[in-house]
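Protein chains in written order, with my numbering: chain A, 1 to 137; chain Y, 138 to 433.
Hints were generated in silico from the structure; no laboratory data involved.
Among these hints, one or two may not hold up.
As the list claims (entries may be wrong) - Cross-link-like lysine-lysine pairs, in silico, DSS-like; alpha carbons within 30 Å at most:
{"#": "1", "chain 1": "Y", "residue 1": "Lys230", "chain 2": "Y", "residue 2": "Lys199"}
{"#": "2", "chain 1": "Y", "residue 1": "Lys381", "chain 2": "A", "residue 2": "Lys77"}
{"#": "3", "chain 1": "Y", "residue 1": "Lys263", "chain 2": "A", "residue 2": "Lys132"}
{"#": "4", "chain 1": "Y", "residue 1": "Lys263", "chain 2": "A", "residue 2": "Lys60"}
{"#": "5", "chain 1": "A", "residue 1": "Lys132", "chain 2": "Y", "residue 2": "Lys230"}
{"#": "6", "chain 1": "Y", "residue 1": "Lys381", "chain 2": "Y", "residue 2": "Lys352"}
{"#": "7", "chain 1": "A", "residue 1": "Lys60", "chain 2": "Y", "residue 2": "Lys259"}
{"#": "8", "chain 1": "A", "residue 1": "Lys60", "chain 2": "A", "residue 2": "Lys46"}
{"#": "9", "chain 1": "Y", "residue 1": "Lys352", "chain 2": "A", "residue 2": "Lys77"}
{"#": "10", "chain 1": "Y", "residue 1": "Lys336", "chain 2": "Y", "residue 2": "Lys352"}
{"#": "11", "chain 1": "Y", "residue 1": "Lys199", "chain 2": "A", "residue 2": "Lys60"}
{"#": "12", "chain 1": "A", "residue 1": "Lys60", "chain 2": "Y", "residue 2": "Lys352"}
{"#": "13", "chain 1": "Y", "residue 1": "Lys199", "chain 2": "A", "residue 2": "Lys132"}
{"#": "14", "chain 1": "A", "residue 1": "Lys132", "chain 2": "Y", "residue 2": "Lys259"}
{"#": "15", "chain 1": "Y", "residue 1": "Lys259", "chain 2": "Y", "residue 2": "Lys230"}
{"#": "16", "chain 1": "A", "residue 1": "Lys77", "chain 2": "A", "residue 2": "Lys132"}
To be verified - One side of the interface only, derived from the structure: several residues of chain A facing chain Y at Cβ under 8 Å:
{"#": "17", "residue": "Pro32"}
{"#": "18", "residue": "Ala61"}
{"#": "19", "residue": "Asn113"}
Unchecked claim - Cβ-Cβ distance ranges computed for the label pairs, FRET-style:
{"#": "20", "chain 1": "A", "residue 1": "Lys94", "chain 2": "Y", "residue 2": "Pro236", "range": "55 to 61 Å"}
{"#": "21", "chain 1": "A", "residue 1": "Thr107", "chain 2": "Y", "residue 2": "Lys230", "range": "35 to 41 Å"}
{"#": "22", "chain 1": "Y", "residue 1": "Gln423", "chain 2": "A", "residue 2": "Thr40", "range": "53 to 59 Å"}
{"#": "23", "chain 1": "A", "residue 1": "Glu56", "chain 2": "Y", "residue 2": "Gln423", "range": "52 to 58 Å"}
{"#": "24", "chain 1": "Y", "residue 1": "Asp410", "chain 2": "A", "residue 2": "Tyr115", "range": "56 to 62 Å"}
{"#": "25", "chain 1": "A", "residue 1": "Thr123", "chain 2": "Y", "residue 2": "Lys230", "range": "46 to 52 Å"}
{"#": "26", "chain 1": "A", "residue 1": "Pro70", "chain 2": "Y", "residue 2": "Asp324", "range": "27 to 33 Å"}
{"#": "27", "chain 1": "A", "residue 1": "Thr121", "chain 2": "Y", "residue 2": "Gly314", "range": "54 to 60 Å"}
{"#": "28", "chain 1": "Y", "residue 1": "Thr297", "chain 2": "A", "residue 2": "Lys94", "range": "48 to 54 Å"}
{"#": "29", "chain 1": "Y", "residue 1": "Gln290", "chain 2": "A", "residue 2": "Val103", "range": "56 to 62 Å"}
Ideal Cβ positions, reconstructed from N, Cα and C, are used throughout, including at glycine.
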Amino acid sequence: MMMRRLPGIIALLLVLLVPGFTPALTAQEGHPLVGTWHGTWGPNAKERHDVTLVFEFDGKAVTGMMNPGPDSVRFDKVTLDPANWGVHIEAVPKGAAKAAAIVIDVTIQDITNRYRSLVGTWTQGTTRGDFKASRDS
Amino acid sequence: MIRGAMRRVPLAVAAAGLSALLLIPVAAQETPGPGRAAQQGGGGGGTPGPGRGRGAPAGPSKPTPRLPDGHVNLGAPASGSGFWGGGGSIVGKRGSSLPTNPEVGEIPFQPWAKALYEVRQKVGDKDDPHARCLPPGGPRQFQTPNGFEFIEQPDRKRITIIFGGGPRSWRFIYLDGRPLPSLDDLDLIPTYFGYSTGKWVGDTLVVESTGYNEKFWFHRGGLPHTDALRLTERFSRPDFDTLKYEVTVDDAKAYTRPWTGGFTVPWTYTNWDGSPGGELHEYLCQDNERDYTKLR
Numbered sequence: 001m002m003m004r005r006l007p008g009i010i011a012l013l014l015v016l017l018v019p020g021f022t023p024a025l026t027a028q029e030g031h032p033l034v035g036t037w038h039g040t041w042g043p044n045a046k047e048r049h050d051v052t053l054v055f056e057f058d059g060k061a062v063t064g065m066m067n068p069g070p071d072s073v074r075f076d077k078v079t080l081d082p083a084n085w086g087v088h089i090e091a092v093p094k095g096a097a098k099a100a101a102i103v104i105d106v107t108i109q110d111i112t113n114r115y116r117s118l119v120g121t122w123t124q125g126t127t128r129g130d131f132k133a134s135r136d137s
Numbered sequence: 138m139i140r141g142a143m144r145r146v147p148l149a150v151a152a153a154g155l156s157a158l159l160l161i162p163v164a165a166q167e168t169p170g171p172g173r174a175a176q177q178g179g180g181g182g183g184t185p186g187p188g189r190g191r192g193a194p195a196g197p198s199k200p201t202p203r204l205p206d207g208h209v210n211l212g213a214p215a216s217g218s219g220f221w222g223g224g225g226s227i228v229g230k231r232g233s234s235l236p237t238n239p240e241v242g243e244i245p246f247q248p249w250a251k252a253l254y255e256v257r258q259k260v261g262d263k264d265d266p267h268a269r270c271l272p273p274g275g276p277r278q279f280q281t282p283n284g285f286e287f288i289e290q291p292d293r294k295r296i297t298i299i300f301g302g303g304p305r306s307w308r309f310i311y312l313d314g315r316p317l318p319s320l321d322d323l324d325l326i327p328t329y330f331g332y333s334t335g336k337w338v339g340d341t342l343v344v345e346s347t348g349y350n351e352k353f354w355f356h357r358g359g360l361p362h363t364d365a366l367r368l369t370e371r372f373s374r375p376d377f378d379t380l381k382y383e384v385t386v387d388d389a390k391a392y393t394r395p396w397t398g399g400f401t402v403p404w405t406y407t408n409w410d411g412s413p414g415g416e417l418h419e420y421l422c423q424d425n426e427r428d429y430t431k432l433r
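Between the sequences and the hints, there should be enough to build the whole structure, so can you do that?
Shown next, in the form of structure tokens:
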């Protein structure tokens with residue numbers, strides 16, 4: 001029984017492991033925000049919220065969303081200041097009654113590195129916390 | 138039947154995954170090479186800049202070689218050998234760069250692209266994908282050490298360019314009149330060398346390319362590009378020893394308007410160690426990288 005399941009188990013393990021071993025094969029060297037970023041935000045070290053950000057660039061404006069899926073929230077505004085690699089993001093969760101607006105202010109760290117990250121603050125209503133995300137490479 | 142196929146799926150996935158693991162470079166790569174110093178504008182060894190290439194005989198260059206149908210031969214003559222030895226820069230006018238090239242300040246960068254290029258210039262090759270042996274598309278393929286060679290295949294209506302350095306890759310240029318793929322085509326898989334079609338216009342091979350991925354630097358030093366990149370390359374051979382390369386860069390996501398630069402590349406008569414032969418030697422980036430820990 002176990003032997004019959006072995007190929008499936010190996011396949012699952014490899015599917016899970018291989019992406020983690022192939023960063024150099026999927027680096028993104030174009031617009032530094034474009035792509036998918038994973039991270040967390042929260043008011044302290046214990047209370048953290050997982051976040052996925054996705055950015056696109058059409059040559060004029062950066063657009064995108066957070067947490068793709070049924071609860072996704074599209075960005076209302078994204079600005080990038082190349083002078084200091086500061087990024088300002090505004091979004092209002094749709095569907096949730098009286099949902100507080102989200103404001104994210106970060107800077108892109110290690111800009112030339114495929115493992116670059118976003119580090120800064122996340123403000124939602126009266127709650128303010130730190131935020132850090134790394135680009136999926 | 139379907140159930141049987143489904144049973145084989147995990148095995149196929151396992152095999153594919155295992156293959157992927159085995160193909161992953163153990164260490165990242167830098168690509169030193171005999172021509173590197175000269176290509177970077179440095180002195181000593183390597184391929185000379187404008188003018189005659191390594192091992193060129195004394196006297197003026199021979200005339201442009203031609204194939205029986207009359208068009209220019211960008212490769213070695215039927216009874217000879219040799220290859221192109223690596224070129225200069227499409228930015229600035231030093232060395233083998235064309236005198237018509239823009240200076241850095243004249244390149245119509247978008248603000249983000251200008252800022253990113255300036256940072257890359259400051260930090261050097263630390264994060265250059267080619268330093269980890271990833272293929273160099275665009276003009277960068279002609280700037281890498283160890284040279285390159287054109288192989289025309291009339292029966293297949295295409296030209297193959299093979300590269301002696303880096304990850305030892307090749308590129309096809311189709312001459313059969315096929316159209317370029319649309320960037321909106323969902324089936325288009327962006328690649329390092331893009332998708333190239335060409336035609337002869339007089340004595341110049343004009344090549345249009347698109348479909349590039351964003352995983353490489355298309356020029357040494359890190360000129361940024363995006364998936365909107367479209368290149369128009371013009372290859373000509375004004376005499377036997379000189380390849381003239383000119384490229385128009387059109388990428389509306391990174392530059393505010395198209396711009397053009399180029400360089401010349403000398404014909405190399407010898408092997409890279411200076412011995413007679415004029416053959417691309419076996420150089421594998423993956424075998425020779427020594428700087429992985431420093432690059433990271």
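Each hint, compared with the structure:
1. A C-alpha spacing of about 26 Å is found between Y:Lys230 and Y:Lys199, which places the hinted pair at or below 30 Å, so the restraint holds.
2. For the given pair, Y:Lys381 sits about 46 Å from A:Lys77 by alpha-carbon distance, which is inconsistent with the 30 Å threshold.
3. Among the hinted pairs, Y:Lys263 with A:Lys132 is consistent with the structure: their alpha-carbon atoms are about 24 Å apart, no more than 30 Å.
4. Annotation: proposed proximity of Y:Lys263 to A:Lys60 holds, straight-line Cα distance about 29 Å (limit 30 Å).
5. Proposed proximity of A:Lys132 and Y:Lys230 is contradicted: the alpha carbons are some 43 Å apart, above 30 Å.
6. Between Y:Lys381 and Y:Lys352 the CA atoms are separated by roughly 27 Å; this keeps the pair inside 30 Å, and the hint holds.
7. Straight-line distance between C-alpha atoms of A:Lys60 and Y:Lys259 comes to about 26 Å, which keeps the hinted pair within the 30 Å bound.
8. This hinted pair does not check out: A:Lys60 and A:Lys46 have alpha carbons roughly 39 Å apart, beyond 30 Å.
9. Proposed proximity of Y:Lys352 and A:Lys77 is supported: the alpha carbons are some 27 Å apart, at most 30 Å.
10. For a cut-off of 30 Å, the pair hint linking Y:Lys336 to Y:Lys352 stands: about 28 Å separates their Cα positions.
11. A threshold of 30 Å between alpha carbons decides the hint, and for Y:Lys199 with A:Lys60 the separation of about 50 Å lies outside it, so the pair is violated.
12. This hinted pair checks out: A:Lys60 and Y:Lys352 have alpha carbons roughly 21 Å apart, not beyond 30 Å.
13. At most 30 Å may separate the alpha-carbon atoms for a hinted pair to count; Y:Lys199 and A:Lys132 exceed this at roughly 62 Å.
14. Pair hint A:Lys132 plus Y:Lys259 holds up; C-alpha atoms about 25 Å apart against a cutoff of 30 Å.
15. About 20 Å separates the Cα atoms of Y:Lys259 and Y:Lys230, which keeps this hinted pair within 30 Å; it holds.
16. Between A:Lys77 and A:Lys132 the CA atoms are separated by roughly 19 Å; this keeps the pair inside 30 Å, and the hint holds.
17. At about 6 Å, the closest approach between the beta carbon of A:Pro32 and any beta carbon in chain Y falls short of 8 Å, and the interface hint on this residue holds.
18. Using the Cβ-Cβ criterion of 8 Å, the hint placing A:Ala61 at the interface with chain Y is not satisfied: the shortest such distance is roughly 11 Å.
19. Satisfaction of the interface hint for A:Asn113 is found here, the shortest Cβ-Cβ separation to chain Y being roughly 5 Å, below the 8 Å cut-off.
20. Checked against the given bound of 55 to 61 Å, the beta carbons of A:Lys94 and Y:Pro236, roughly 57 Å apart, stay inside it.
21. Range check, A:Thr107 to Y:Lys230: Cβ separation about 36 Å, and the 35 to 41 Å hint holds.
22. Range check, Y:Gln423 to A:Thr40: Cβ separation about 36 Å, and the 53 to 59 Å hint is violated.
23. Under the hint 52 to 58 Å, the C-beta atoms of A:Glu56 and Y:Gln423, about 34 Å apart, miss the expected range.
24. Y:Asp410 and A:Tyr115 have their C-beta atoms about 38 Å apart, which leaves the hinted 56 to 62 Å range violated.
25. Between A:Thr123 and Y:Lys230 the Cβ separation comes to about 50 Å, which falls inside the hinted range of 46 to 52 Å.
26. Distance hint for A:Pro70 and Y:Asp324: a CB-CB separation of about 28 Å, consistent with the stated range 27 to 33 Å.
27. Taken as a hint, the range 54 to 60 Å holds for the pair A:Thr121 and Y:Gly314, whose Cβ atoms sit roughly 56 Å apart.
28. The hint said 48 to 54 Å for the Cβ distance between Y:Thr297 and A:Lys94, and at roughly 53 Å that hint holds.
29. Between Y:Gln290 and A:Val103 the beta carbons are some 58 Å apart, a value that agrees with the proposed interval 56 to 62 Å.
Of the numbered hints listed earlier, those contradicted by the structure are 2, 5, 8, 11, 13, 18, 22, 23 and 24.
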